[in-house]
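> Those protein sequences? They're chains A and B, same order as listed. Sequential numbering of the first sequence, starting at 1, is according to my numbering. Sequential numbering of the second sequence, starting at 1, is according to my numbering.
It is worth saying that the hints were derived from the structure and are not from the lab. Wrong hints could be hidden among the right ones.
[Said to hold, decoys possible] DMTMM-like mimics (lysine to aspartate or glutamate), calculated; alpha carbons at most 20 Å apart, straight line:
hint: 1; chain 1: A; residue 1: Lys174; chain 2: B; residue 2: Asp19
hint: 2; chain 1: A; residue 1: Lys195; chain 2: B; residue 2: Asp17
hint: 3; chain 1: B; residue 1: Lys276; chain 2: B; residue 2: Glu163
hint: 4; chain 1: B; residue 1: Lys437; chain 2: A; residue 2: Glu60
hint: 5; chain 1: A; residue 1: Lys34; chain 2: B; residue 2: Glu84
hint: 6; chain 1: A; residue 1: Lys191; chain 2: B; residue 2: Asp50
hint: 7; chain 1: B; residue 1: Lys47; chain 2: A; residue 2: Asp183
hint: 8; chain 1: A; residue 1: Lys205; chain 2: B; residue 2: Asp318
hint: 9; chain 1: A; residue 1: Lys34; chain 2: B; residue 2: Asp318
hint: 10; chain 1: B; residue 1: Lys454; chain 2: B; residue 2: Asp335
hint: 11; chain 1: A; residue 1: Lys205; chain 2: B; residue 2: Asp7
hint: 12; chain 1: B; residue 1: Lys80; chain 2: A; residue 2: Asp54
hint: 13; chain 1: B; residue 1: Lys437; chain 2: A; residue 2: Glu61
hint: 14; chain 1: A; residue 1: Lys205; chain 2: B; residue 2: Asp12
hint: 15; chain 1: B; residue 1: Lys47; chain 2: A; residue 2: Glu180
hint: 16; chain 1: A; residue 1: Lys205; chain 2: B; residue 2: Asp257
hint: 17; chain 1: A; residue 1: Lys174; chain 2: B; residue 2: Glu45
hint: 18; chain 1: A; residue 1: Lys33; chain 2: B; residue 2: Glu84
hint: 19; chain 1: A; residue 1: Lys120; chain 2: B; residue 2: Asp20
hint: 20; chain 1: A; residue 1: Lys33; chain 2: B; residue 2: Glu45
hint: 21; chain 1: B; residue 1: Lys47; chain 2: A; residue 2: Glu60
hint: 22; chain 1: A; residue 1: Lys195; chain 2: B; residue 2: Asp50
hint: 23; chain 1: A; residue 1: Lys34; chain 2: B; residue 2: Glu88
hint: 24; chain 1: A; residue 1: Lys191; chain 2: B; residue 2: Asp19
hint: 25; chain 1: B; residue 1: Lys328; chain 2: B; residue 2: Asp318
hint: 26; chain 1: A; residue 1: Lys205; chain 2: B; residue 2: Asp256
hint: 27; chain 1: B; residue 1: Lys92; chain 2: B; residue 2: Asp50
hint: 28; chain 1: A; residue 1: Lys33; chain 2: B; residue 2: Glu88
hint: 29; chain 1: B; residue 1: Lys54; chain 2: A; residue 2: Glu180
hint: 30; chain 1: A; residue 1: Lys202; chain 2: B; residue 2: Asp12
hint: 31; chain 1: A; residue 1: Lys191; chain 2: B; residue 2: Asp20
For clarity, every value in this text was computed on a predicted model and none was experimentally measured.
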Amino acid sequence: MKSKSYNGQVIPINRDNVDTDLIIPKQYLKSIKKSGFGPFLFDSLRYNDTATLDSNDEREENSEFILNREPFRKGNILVSKSNFGCGSSREHAVWAIQNYGIDVVIAESFADIFSRNSFKNGLLLITLESQTINEIIDSSLSSNSYILDVNLAEDKILLPNDKTITFSISRSYKDRIINELDDIELTLRNKDQIKNYENQMKLSKPWLFNNE
Amino acid sequence: MKQTLYDKIWNDHCILDNDDHSSLIYIDRHLIHEVTSPQAFDGLEIKNRDIWNKKSIMATTDHNVPTINRDQGITDPVSKIQIEALRENCKKHNIELYDLDNLKQGIVHVIGPELGMTQPGMTIVCGDSHTSTHGALASLSFGIGTSDVEHVLATQCLNLTKEKNFNIEVNGVLHPYITSKDLILYIIGSIGTSGGTGYTIEYTGETISNLSIESRMTICNMTIEAGAKSGLMAFDEKTHDYLKDREFLPSSKHYDDALKYWETLISDSGVTFDRKEQFNANDIQPQVTWGTSPEMVTSVDECIPSSDSIDNEEEYVDTLAYMGLEPKTEIKSIDLDKIFIGSCTNSRIEDLRQAAEVVEGEKVSSKIKQAIIVPGSGLVKAQAEREGLDKIFTKAGFEWRDPGCSMCLGMNDDFLQPYERCASTSNRNFQGRQGDKGRTHLVSPGMAAVAAIKGHFYNVKDFMNEK
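Just chain A, same shape as in the assembly (with noise of 0.2 Å):
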């Protein structure tokens, strides 16, 4: 069982439209396991070099690029502007985030598949307004430290000045992350419909199941 609060340092990432392509560009795409993605994150802005997922050379960072700076480095909250996840529908990007050790990802909006594939693997999003963003990104960016308490228990952020902010996040989603759920073992208890369904549609449009 997961933890429901997560307590971490803030990694600000000061861009909108962060797009899939630049979570996990597609040289890493060629792998078969869900694995192994976190020394790629934001590869082309992490490092001034490139590299496959076969070579073993050590990489040269970008010392100014966040993830390679302290206190972000560690860090495990991620937080960034508009339409974030945007692009490919490679799930790919969830895994690096998750691989490399990020918890939770606050944002002012995320774009459409990137959250479903978050969900489905129990990434937690958090949207807040543009006004509150910008200060955790300021904030966090000015201290040495700046560490969020992210209660999902509770629905609730305590900031560093100890204000409190509330996000709002569905119910399904919430029992997703605490409960580990197997989404598929949930949809085959249905089925007996999924099978009347189908036996419905090869009557009436039997077209559909014409390679059978």
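Guided by the hints, dock chain B onto chain A, whose structure is given.
Only chain B this time, still in chain A's reference frame:
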């Protein structure tokens, strides 16, 4: 109760409503490829689960495949493992695979419609965001992640929350040589890359009705670039004509019933959408993106906008630095290094014909390092060769390749070197998309062809008038 096209397809596939506002939706067609499926098959294996309906699945290799020297096999060992994994998974589960040795192999969103796998009224999913393409044939189609691929393999369903209805109506006439690519880039420039988030977009209006099905596909394809997972267009006579004689169409026994159903696949007249926007096709000039998001777009005769027209100045400065461009630069003064004509957005026969019309009798500029044309499928390639288009291209200095996703995302050997600038008919100009530090400008096939000849951007309309 009046319904939109989206409402109709949704209701026809709804098995039950869950108590969290989501519904269990049946999926008719599942398209898979090598990049987003291996982990899904692994997941099934771990839980010892079967595939619900193998016959609903069509597989192809496209994202990662070489477009040249295929007789030498796949030389990149990492790519090879991924493609071998798809081959093994398809063999093991008896799934139809259109592999490199098959004339019908190609980009998943090109071959689905081409083979008649895509049919009106279907729900269609694929582990690729450009699945929205298939909506041009009045099917509800959208991209999914790998967990959902596994879910559909195991259950033939997805638990989905219904999106809101968004109608984009386009009237007026597109000028000659202005294409549906220009239209969708113009729309994205107007509503923004998150303008459609949370919606399913249905495109209507006389301009859409007058477009060919292939042109309509380009618009639905890039709907995801406007933030909406699905784009839809009503069934009409053109849809019907396009479908005729496709391989996997309903058998003659059921065809009349299917057609009767397809004819209902239009939004009821007078139905209310949650949001509506109108555009005038007469306003649209050839479009060129200048930044790292598809919404950063302008007309070829314009300049890169100055920072006062942009909300986020920091992002604007970063974008232009990445693109190696100055504010207020004339688009036509931008020189190019590479030209890519291809991708699920613009690699169909009509796209190649548009490019060929421009290229015929011309030469690729000596300033251009490489200009490649990658047909969307083996069938498109064969058709183009029957029409002699390949000769027009190669004579001009273009490379004529084998089908695949190629330089749209550069997973194979076709990619930009750092700082190279490309006129591309693909769909995303994100940082690093076509290659690390590569600079992408999205355009129509005709505009890419003109850029190849001139070595810089130029208005295709003017070029053809001067020709």
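> Hint by hint, say whether it matches the structure.
Quick rundown of the hints versus the structure:
1. Between the alpha carbons of Lys174/A and Asp19/B the distance comes to roughly 14 Å, so the proposed pair stays at or under 20 Å and holds.
2. Between Lys195/A and Asp17/B the alpha-carbon distance is near 16 Å, which keeps this suggested pair within the 20 Å criterion.
3. Annotation: proposed proximity of Lys276/B to Glu163/B holds, straight-line Cα distance about 14 Å (limit 20 Å).
4. Taking the CA atoms of Lys437/B and Glu60/A, the gap is about 16 Å. The hint holds against a cut of 20 Å.
5. With a C-alpha separation of about 17 Å, the suggested pair Lys34/A and Glu84/B falls inside the 20 Å cut-off, and the hint holds.
6. Only pairs whose Cα atoms come within 20 Å are accepted, and Lys191/A paired with Asp50/B is accepted, the gap being roughly 13 Å.
7. Distance check on the hinted pair: Lys47/B and Asp183/A sit about 12 Å apart at the alpha-carbon level, within 20 Å; holds.
8. This hinted pair does not check out: Lys205/A and Asp318/B have alpha carbons roughly 53 Å apart, beyond 20 Å.
9. The straight-line distance between the Cα atoms of Lys34/A and Asp318/B is roughly 32 Å, outside the 20 Å bound, and the hint therefore fails.
10. Among the hinted pairs, Lys454/B with Asp335/B is consistent with the structure: their alpha-carbon atoms are about 9 Å apart, no more than 20 Å.
11. For the hint pairing Lys205/A with Asp7/B, the CA-to-CA distance comes to about 18 Å; that is within 20 Å, so the pair holds.
12. Between Lys80/B and Asp54/A the CA atoms are separated by roughly 13 Å; this keeps the pair inside 20 Å, and the hint holds.
13. Restraint check: the Cα-Cα separation between Lys437/B and Glu61/A comes to about 16 Å, which is no more than 20 Å; the hinted pair holds.
14. Restraint check for Lys205/A and Asp12/B: satisfied, since their Cα atoms lie roughly 11 Å apart, inside the 20 Å limit.
15. Distance hint between Lys47/B and Glu180/A is fulfilled; the C-alpha atoms sit about 15 Å from each other, no more than 20 Å.
16. For the hint pairing Lys205/A with Asp257/B, the CA-to-CA distance comes to about 8 Å; that is within 20 Å, so the pair holds.
17. Pair hint Lys174/A plus Glu45/B does not hold up; C-alpha atoms about 28 Å apart against a cutoff of 20 Å.
18. Our distance criterion of 20 Å between C-alpha atoms is met by Lys33/A and Glu84/B, whose separation comes to about 14 Å.
19. For the hint linking Lys120/A to Asp20/B, the alpha-carbon distance of about 15 Å falls within 20 Å, and the restraint holds.
20. With a CA separation close to 13 Å, the supplied pair Lys33/A and Glu45/B stays within the 20 Å bound.
21. Pair hint Lys47/B plus Glu60/A does not hold up; C-alpha atoms about 40 Å apart against a cutoff of 20 Å.
22. Using a Cα cut-off of 20 Å, the hinted pair Lys195/A and Asp50/B holds, with the two alpha carbons roughly 15 Å apart.
23. Between Lys34/A and Glu88/B the alpha-carbon distance is near 19 Å, which keeps this suggested pair within the 20 Å criterion.
24. For the hint pairing Lys191/A with Asp19/B, the CA-to-CA distance comes to about 17 Å; that is within 20 Å, so the pair holds.
25. With a CA separation close to 15 Å, the supplied pair Lys328/B and Asp318/B stays within the 20 Å bound.
26. Distance hint between Lys205/A and Asp256/B is fulfilled; the C-alpha atoms sit about 11 Å from each other, no more than 20 Å.
27. Restraint check: the Cα-Cα separation between Lys92/B and Asp50/B comes to about 11 Å, which is no more than 20 Å; the hinted pair holds.
28. Simply put, Lys33/A and Glu88/B have alpha-carbon atoms about 16 Å apart, close enough for the 20 Å limit, and the pair holds.
29. At roughly 28 Å between alpha-carbon atoms, Lys54/B and Glu180/A are farther apart than 20 Å, so this suggested pair is violated.
30. Of the supplied pair hints, the one linking Lys202/A and Asp12/B holds, its CA atoms being roughly 13 Å apart against a limit of 20 Å.
31. In summary, the hint linking Lys191/A to Asp20/B is supported, as the alpha carbons are separated by about 19 Å, within the 20 Å threshold.
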